[in-house]
Amino acid sequence: MKSAYELIDVTYTYPNAQKPAVENLTLKIEAGKTTALLGPNGAGKSTIMDLLLNWKQCERGTIKLFGESLTNYSRRSLGRVVSLVPQEELSRFSFTVLDYVLFGRSPYLHHLATPSTADIAIAKEALKMVALEALIERPVLALSGGEHQLVLLARALAQQPKVLLLDEPTSSLDPGNTAKVLNIMERLSNEGITLLFTTHDPTIAGECADNVAMLKESRLLISGPKKEVLTQQLLCELYGTPLETIQVGERLIVMRST
Amino acid sequence: MVGRYPKAGFSNPFKGELMRQVVLNVRLPRLLLAALGGASLAMAGFVFQMLFNNPLVEPGFLGVSQGAAFGAAAAITLGGSLLVVQLSASFFGLLALLSSYWLARKFTYGGWILRLVLAGIAMGALFSAGLSIIKLVASPTTSLQDITFWMMGGLWNTTWKTLWSVMPTMIIILLLLLLFRWRINLLSLDERTAHSMGIAINREKAIFLLLATVATTSIISVGGLIGWVGLIIPHLARRLFGANARYALPGSMLLGAIFLVVSDTIGRALLSSEIPLGVLTSLVGALLFVILFAGKRGKRV
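The listed protein sequences derive, respectively, from chains A and B.
Per our numbering: the first sequence = residues 1 to 258.
Per our numbering: the second sequence = residues 259 to 559.
Honestly, I wouldn't trust all of these hints.
Cross-link-like lysine-lysine pairs, in silico, DSS-like; alpha carbons within 25 Å at most [what the hints assert, rightly or not]:
no. : chain 1 : residue 1 : chain 2 : residue 2
1   : A       : K19       : B       : K364
2   : A       : K56       : B       : K364
3   : A       : K162      : A       : K28
Label pairs and their in silico Cβ distance ranges [said to hold, decoys possible]:
no. : chain 1 : residue 1 : chain 2 : residue 2 : range
4   : A       : A121      : B       : L541      : 44 to 52 Å
5   : B       : L498      : A       : H110      : 23 to 31 Å
6   : A       : S172      : B       : A552      : 25 to 33 Å
7   : B       : L468      : A       : A121      : 32 to 40 Å
8   : A       : A17       : B       : I429      : 45 to 53 Å
9   : B       : L437      : A       : I222      : 47 to 55 Å
10  : B       : I429      : A       : E191      : 45 to 53 Å
11  : B       : A552      : A       : T71       : 48 to 56 Å
12  : A       : E137      : B       : F349      : 44 to 52 Å
13  : A       : H110      : B       : L286      : 32 to 40 Å
14  : B       : L498      : A       : Q18       : 52 to 60 Å
15  : B       : L468      : A       : S172      : 31 to 39 Å
Think of the hints as simulated: they come from the structure by calculation, not from any bench.
Where is the CB? At the ideal position from N, CA and C, for every residue including glycine.
Bound-form chain A, shown alone (with noise of 0.2 Å):
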């Protein structure tokens, strides 16, 4: 199995906290798969987030991206690896839908640089992968919640990532899109690119993800495959009530017990 993001034995603390948010974390993101962080809120799945895209640094361990530590990376150089869709983001200025897709470009964009028709491609490509290509002269702040959720996600793509990270990506969104945006995880997991998704929901980890991390409070219970993790026992002791899972096709979905 070859490792996009491999941790090694990670700890960090807030500053002023009493805890780690993250603590002893050793863990493999197999590349080419998509994975999901599963776990309550304060599980401290941000905080992993944060410490793969060296926002914060972690204390103690190490993290490697494709076999090189994370501190060999520079900024510009991670942004062309690794990019990001967070959970929401407010702009107040009502930048085009194409504006802000173009936005992903920037590390490829020296400084005094403005985006070039190439770039501009890639951005209508990647608006085009999320079927919002009839929007791209629409202001931002005038679309729908789900709408907002894949500009963000054609934002992410605009950067070429070989690793793309999602911050709750379905958690605000109705089926009609959450079916949307898993359809897409799915297409370009289908294309080779690593996906790392957190998530509270069980359900969409079982829908959607090939292998599962699960943690609670701040540790790591058990990763692997999803059918290995997402079991009746270790299910009930994350969450503290009895839930089971049954299997449509290569899909799991969980329910509580009855």
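Chain B: place on chain A using the hints.
Just chain B, lined up with the frame of chain A:
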């Protein structure tokens, strides 16, 4: 070249020595300063708004203008030269900005923007109070008059010497900002997201904040408090050219220059005594503000 002297209306600089003197040595430097100052104020407002991802900020909101006013007034009272006045204005403008920032981090109430604005109001009030004290102790026959007129904002005592003292700084900063204009957009993004796009967000924010502040304090040090330009002109520019700083930033500079030149010309030509520029820009700016914000309900700029 419009003006009231030697007679109201246009003056032809090629008609006699007096006309030439009036136009070339009195009106021309003033015109250039108005254009550069307007461009700088509008640019600074634009940069602040992008940086704080908030269309309602301008340097004045974070105490920069009041700090600069305090610094300049202190230097005037102590009889400093033009250069000292400018340095003092820049120093206290920056000090106010840094204090607002520091204070906002200490507050525990409200979100980041609210804390920043509250801190800015507090620092602004502090420096305004300091300014009042300076006015109390200033000599009523000389420096008090200077300070009072200067506070109302105006370019009436502009000479080539004043212009030269601030022009290089302003031109360099304006050109730098024009070169970096697409990048200014990225500063409005969430900091973690910007970082994930390979942007050294804290460093870039600090640099552009510094440039915008120095440009603001430069014009304040020679022209006094000229309000509302930094708030209202960027809005107008975004309405006309869209939100993308690639077009809206140059547009903002251009509109700012035009706005201040026109205001200054009206201010000195309309009545027999001059209307202070700051009074005029506040009047027009506040009116425009009301029109822009009340005119189109629900449409954000």
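A quick look at each hint next to the structure:
no.: 1; hint: A:K19 / B:K364; verdict: holds (23 Å)
no.: 2; hint: A:K56 / B:K364; verdict: holds (22 Å)
no.: 3; hint: A:K162 / A:K28; verdict: holds (16 Å)
no.: 4; hint: A:A121 / B:L541: 44 to 52 Å; verdict: holds (48 Å)
no.: 5; hint: B:L498 / A:H110: 23 to 31 Å; verdict: holds (28 Å)
no.: 6; hint: A:S172 / B:A552: 25 to 33 Å; verdict: holds (32 Å)
no.: 7; hint: B:L468 / A:A121: 32 to 40 Å; verdict: holds (36 Å)
no.: 8; hint: A:A17 / B:I429: 45 to 53 Å; verdict: holds (48 Å)
no.: 9; hint: B:L437 / A:I222: 47 to 55 Å; verdict: holds (53 Å)
no.: 10; hint: B:I429 / A:E191: 45 to 53 Å; verdict: holds (49 Å)
no.: 11; hint: B:A552 / A:T71: 48 to 56 Å; verdict: holds (53 Å)
no.: 12; hint: A:E137 / B:F349: 44 to 52 Å; verdict: holds (46 Å)
no.: 13; hint: A:H110 / B:L286: 32 to 40 Å; verdict: holds (38 Å)
no.: 14; hint: B:L498 / A:Q18: 52 to 60 Å; verdict: holds (53 Å)
no.: 15; hint: B:L468 / A:S172: 31 to 39 Å; verdict: holds (37 Å)
In summary, this structure violates none of the numbered hints.
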